[in-house]
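Turn these sequences into a full structure, and let the hints steer you where they fit.
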Amino acid sequence: MKIYLVLFVELLFIGVIFNFIIATWLFRFKLFKAFECLLYAFPVALAIIGLMLYYLFIIAGGLPSWVYIFVICLFFIILYLFSYRLHIPLLHAVVLSLKGLNNKSAKKKIFILITGILIIWMAYDLVRSAFIYPLMNHDCLEYALMAKHYALHCSFDFVKHPFIESNYFYYVGLHAPAFPLLGSFEQLINQIFGIQSDLFFRLLTVFPGIFILLVLAYHLNSINPAYSMTGICALFFTGSFNYLIYDYHIDMYRISLVCVAFICMLYVFHLKNYNGFLLFGFIAGLQAHAHTLGLFIGLIEFFWLILLIRWPLRNKLVTGIFAFILFLAGGAVHYIIDSIAGTGWLFKLI
Amino acid sequence: MRKKILISGILILVAGQYLLFLLNYHSKDSAVESILLNNLALFFNLKNSFVLAWTLPFFVLLTFRRFDSVEFVFFMVFLSIALLVAIRGAFNFRYSLTILPICIFAFFYLVNKNLPASPSIIFIVSFIPLLFLYFQMVYTVQPDSFNKWLSFRLNIQRYSYSRSFYPHDIYLALQQPPYSSQVFLVNNLPGFYYYTPCKGYYYWAPNDRYFTNHGYENLFENRTDMEVYSVLTNKLNCKYIFTLHSYNKLNTRFESFLNKYCTLVLTSRYGDYEVYGITGYRVIGENHK
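Going down the list, the protein sequences come from chains A and B. 0 is the number of the first residue of the first sequence in numbering that gives the first Met the number 0; add one for each residue after it. 0 is the number of the first residue of the second sequence in numbering that gives the first Met the number 0; add one for each residue after it.
Among the hints, a few may not be true.
To give a feel for the contact side, a few chain B residues facing chain A, derived at Cβ under 7 Å [unchecked claim]:
{"id": "1", "residue": "47"}
{"id": "2", "residue": "104"}
{"id": "3", "residue": "189"}
{"id": "4", "residue": "199"}
Cross-link-like lysine to any residue pairs, in silico, SDA-like; alpha carbons within 20 Å at most [unchecked claim]:
{"id": "5", "chain 1": "B", "residue 1": "234", "chain 2": "A", "residue 2": "164"}
{"id": "6", "chain 1": "A", "residue 1": "107", "chain 2": "B", "residue 2": "119"}
{"id": "7", "chain 1": "A", "residue 1": "347", "chain 2": "B", "residue 2": "205"}
{"id": "8", "chain 1": "A", "residue 1": "106", "chain 2": "B", "residue 2": "115"}
{"id": "9", "chain 1": "B", "residue 1": "259", "chain 2": "B", "residue 2": "232"}
{"id": "10", "chain 1": "A", "residue 1": "315", "chain 2": "B", "residue 2": "69"}
Keep in mind that the hints were calculated from the coordinates and are not lab data. Nothing here was measured: the structure is a model prediction, and the numbers come from that model. Don't be surprised by glycine CBs; every beta carbon is placed ideally from N, CA and C.
The following block contains the structure:
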């Protein structure tokens with residue numbers, strides 16, 4: 000019972016409170032529509048928690064567990080203090096956009112309803128599955144092991160050979176530790192409450208997966224609600240995607256960040272928003288922090304954005320440099336440090 | 000004229016889809032097929048792609064001259080990522096899934112851009128992918144029923160990853176003496192570390208590497224079986240080997256060592272997990288390579 004209560008509090012904080020705070024910050028940038036801010040805030044909030052733990056474990060490792068949770072909560076409180084004036088406008092804009100559904104034809108409303116029912120059914124089955132089945136996937140077990148290791152020592156070290164003395168496990172992964180650190184977040188809370196659980200870590204496959212379905216449904220709905228229904232069925236029932244959304248893995252989390260970064264890039268290009276470019280840099284960094292493929296995708300997005308966006312060259316370069324700094328700060332810097340002082344990253348012969 | 004174009008379009012679609020099914024389920028393993036199914040999995044591998052993703056290049060060719068700047072960026076980034084995955088990510092099916100949501104969006108976007116938004120077109124575009132998807136799923140789950148048109152058995156549990164491989168019985172056994180205090184050689188099974196308190200050196204049979212705090216070393220290469228026995232028991236202090244039966248066959252020397260110099264002490268009812276004791280009864284007096 001205690002496990003479920005702690006999980007409920009974790010989901011309430013991350014899924015609702017932190018999500019809403021990040022949504023108001025996304026709203027500030029005047030890049031996304033109001034409902035989109037609420038939607039995209041979820042993976043961004045998760046990624047920011049992983050990033051914060053990453054820097055805290057490197058800079059101030061070895062402290063008691065509650066210190067890190069306290070610092071993360073404090074960070075979000077500070078974010079809230081700088082954005083609380085936008086809460087009402089954001090909620091107002093979301094309500095207005097939802098009221099806009101009333102203007103759609105009956106046929107479109109039916110398709111929107113069917114899509115909604117499908118997503119709820121898929122979400123229910125996924126969550127039910129996550130509560131029943133333990134971690135089994137090879138890669139996810141390795142991430143979970145490292146999550147426990149980081150949380151036990153409350154530190155992250157760049158080492159050439161990530162060998163754990165307590166059980167002789169050797170971690171062969173080369174991606175940045177965003178995903179394992181989200182597991183560490185759960186383990187830190189477990190230590191505070193004296194419980195053993197990996198339910199939150201398992202749900203890190205489910206909720207980003209549901210997010211991806213929602214994002215696809217939302218954007219296809221803008222073309223035609225019927226396509227929205229077909230699109231989410233096509234995505235959910237594609238063999239490998241179905242396998243990965245049910246079987247715990249990093250992919251749903253990293254794909255959710257790829258989607259947010261891709262959409263952010265398109266909005267920046269369309270609106271020619273300077274602050275939006277900086278936001279894109281940071282989100283691309285979060286994408287890179289999740290997976291090596293995210294790093295290369297981020298670089299591709301940067302390349303095309305800087306090449307094609309119609310700004311004066313000076314503005315392009317200056318904004319691009321600052322955005323790139325944010326890209327590094329958002330997590331891409333891990334690969335540089337790891338290449339030089341850590342495992343060697345892709346240069347390591349495994 | 001419009002009806003003729005529509006009918007021809009549907010016929011081409013059905014023919015193309017049939018060829019795609021043949022490629023996926025009756026492949027002859029040629030180099031071209033390998034490239035299509037691995038490097039270009041996003042478009043042609045039905046397990047990893049949207050069922051009509053193969054039509055995307057045709058729609059792009061039809062439309063690219065009418066792209067505005069945002070659409071141009073969209074497709075340049077999309078194609079760049081697809082190229083990256085095709086060149087560097089073909090070894091792992093999961094990488095092509097990275098842009099699957101974007102691919103599905105791109106398909107419907109281009110269809111909407113190229114075809115008139117009449118109710119019949121919308122109905123066809125919504126219905127046909129679902130139909131092909133249904134047949135694909137039925138065929139994936141039950142290949143023999145592909146030709147059965149009225150197959151209503153859509154079992155999501157069978158379609159999803161099978162959950163029968165969690166060996167909780169063996170993990171429970173390993174938590175008890177004598178196993179809990181012993182050192183194992185673990186053949187690429189991280190569940191061992193996660194679900195048991197035991198210690199184990201990480202090993203991967205196909206590339207014959209075991210990992211220590213100094214990095215990796217080969218186990219069987221340039222060593223006789225007696226030397227391997229000595230490394231395991233004296234250097235690494237391993238008493239047991241934890242492996243998966245299907246993994247053993249990936250290294251013939253490893254499998255041979257297990258059969259000759261180890262004793263099977265535990266098996267799981269779930270999956271094919273095995274624990275071997277390194278007994279080495281037959282090692283004395285022998286010198287095999």
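Now for the hints, and whether the structure bears them out:
1. Taking 7 Å as the C-beta contact cut-off toward chain A, the hint placing residue 47 of chain B at the interface holds, the least distance being around 5 Å.
2. The beta carbon of residue 104 of chain B comes within 6 Å of a beta carbon in chain A, closer than 7 Å, and the hint placing it at the interface holds.
3. Given the 7 Å rule on beta carbons, the hint for residue 189 of chain B holds: about 4 Å separates it from the nearest Cβ of chain A.
4. With a cut of 7 Å, the hint placing residue 199 of chain B at the interface with chain A holds, because the nearest CB-to-CB distance is about 6 Å.
5. For a cut-off of 20 Å, the pair hint linking residue 234 of chain B to residue 164 of chain A stands: about 16 Å separates their Cα positions.
6. At roughly 14 Å between alpha-carbon atoms, residue 107 of chain A and residue 119 of chain B fall within 20 Å of each other, so this suggested pair holds.
7. With a C-alpha separation of about 19 Å, the suggested pairing of residue 347 of chain A with residue 205 of chain B holds against the 20 Å cut-off.
8. Of the pairs offered as hints, the one joining residue 106 of chain A and residue 115 of chain B holds, with about 18 Å between alpha carbons and a cut-off of 20 Å not exceeded.
9. For the proposed pair residue 259 of chain B and residue 232 of chain B, the alpha carbon gap of about 16 Å is at most 20 Å, so the pair holds.
10. Distance check on the hinted pair: residue 315 of chain A and residue 69 of chain B sit about 17 Å apart at the alpha-carbon level, within 20 Å; holds.
In this structure, every one of the numbered hints holds.
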